[in-house]
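Enquirer: Here's the letter readout for the chains.
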Amino acid sequence: MLRVLVILAGLGLAALAAGLWLTQPVMLDEARFAGLEGDTTRGETVYWAAGCASCHAEPESSDKLVLAGGHRFKTEFGTFVAPNISPDPEAGIGEWSLAEFASAVKRGTSPGGQHYYPVFPYASYVRMTDGDVADLWAFFQTLPPSDRVSEGHEIGFPFNIRLTLGGWKLLFANDDWVRPADTPEIERGRYLVEALAHCAECHTPRNALGALDTGRWMAGAPNPAGTGRIPALVPSKLNWSAKDIAYYLETGFTPDFDSTGGEMAAVVENMGHLTAEDRMAIAAYITALEG
Amino acid sequence: MKRLPIFCAVTVSLAIVGTAFAASHGANPAVTARKSHMQLNQFNLGALFAMAKGDIEYDADAASAAAGNLVALSQLSQRGYWAPGTSADDLPGETRALPALWGDGSKAGEIAGSLSEAVMALDMVAGDGKDAMAAALGPVGQACTACHKDYRQPQ
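Which chain is which? The protein sequence lines are A and B, in order.
Going by my numbering, the first sequence opens with residue 1, and the numbers climb by one from there.
Going by my numbering, the second sequence opens with residue 1, and the numbers climb by one from there.
Check before you lean on any hint, since a few could be wrong.
Derived DSSO-like pairs (lysine-lysine); straight-line CA-CA distance at most 27 Å [claimed, not checked]: (1) A:K74 <-> B:K53; (2) B:K149 <-> B:K35; (3) A:K243 <-> B:K107; (4) A:K237 <-> B:K130; (5) A:K64 <-> B:K35; (6) B:K130 <-> A:K74; (7) A:K64 <-> B:K107; (8) B:K107 <-> B:K130; (9) A:K237 <-> B:K149; (10) A:K243 <-> B:K130; (11) A:K243 <-> B:K53; (12) B:K53 <-> A:K237.
Keep in mind that the hints were calculated from the coordinates and are not lab data.
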């Protein structure tokens, strides 16, 4: 009997060790980024496409280049508070290396080796190219520093155990594309939508564990920031032409001349910084959705 | 026996009238009024945006008329439309107006002022050609969005 118990305990420990090893925070190698020289102009495009300022700029500030943090996100798991990611060496992320920045953006791992919560959309950014990460990092260096001190998240048990996030990442964060891309334009649109602009984070419903339900891709979802619903983008629900979508992303006006609102207003502001070709590429991807 | 068909007809008619009455009076009148106002804005803006976008040909007279309507609409008093107690919390499903619109620090009045300025500027140039008109539409759109961003819930 004792032997059986010992064997079971041994197996349990082995499973736990394997689990911890499999789900440990992933740091990207310094060497992988050593040869990459970021370009600030291209980085600015990545900055707006990825919507960094929508979460990290101060909520009341109209200056979308000071990433002082402070925006609060109330969710069913608790309240997350966006941190300061300005280049300030103390309060911000000025001391980070490019590889540390890439580990944060693409793997959701802090320089201290901790898992970030997926409210930071690294499950989308995981699809970003290394070149774009380097360009974005170069652009970040040009932004004004802020000494605003980041406050902690207000997350209750058991969601405050970050260790469990390793399992979540293992299950849900991978760099596979969700949709096919038949033309170069749709491929560019897919990169913008699925990787940078992380549209699905709001437009796709989530499962019980808070991961995107890729089977209902862009099918609309409850509003994560409050009441109401985020609309579906699939063709059975959204009958806008590609031109309508591109025009909306540029001006904020729907084909029936209602104006955008809510969190999407900030997205449209970001999309206004892209080229007309990029907005058309997004529109091409959206009109090629299924459902 | 003759009375039965009459009775039936009257009952059916009353039911129809009753339903129609409920449909028109079930909605809060202030909400209906402000939605109607928004619709008039939308209709007039629609003509201008369709021209700016190139969906229809630019017509100086039509553009001036639409811009003039927007100015007239911006000058109506909307006091009664936005009665307290008519937010999305008070009337769920009927309106998307967030309680913050009535809250302390609401910028709605200020935004209404910038809309008013923007449509007056638009009215000045709407007849001066497509490019001038399209450029003046920008600030109008910004005023619409400014209010909808903070004070209207998504669908």
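Enquirer: If a hint holds in the structure, say so; if it does not, say that too.
Expert: Now the hints, each set against the structure:
1. A:K74 <-> B:K53: It is violated: about 38 Å lies between the C-alpha atoms, which goes past 27 Å.
2. B:K149 <-> B:K35: 17 Å, holds
3. A:K243 <-> B:K107: Cα-Cα ~33 Å, so violated.
4. A:K237 <-> B:K130: 33 Å, violated
5. A:K64 <-> B:K35: Outside the cut-off at roughly 32 Å; violated.
6. B:K130 <-> A:K74: Given that 27 Å is the threshold and the Cα spacing comes to 45 Å, the pair is violated.
7. A:K64 <-> B:K107: With a Cα-Cα distance of about 20 Å, the restraint between A:K64 and B:K107 holds, given a limit of 27 Å.
8. B:K107 <-> B:K130: Violated, at about 32 Å.
9. A:K237 <-> B:K149: Between A:K237 and B:K149 the Cα gap is close to 23 Å, so the pair holds against 27 Å.
10. A:K243 <-> B:K130: Measuring from Cα to Cα gives roughly 19 Å; hence the hint holds.
11. A:K243 <-> B:K53: 10 Å, holds
12. B:K53 <-> A:K237: 24 Å, holds
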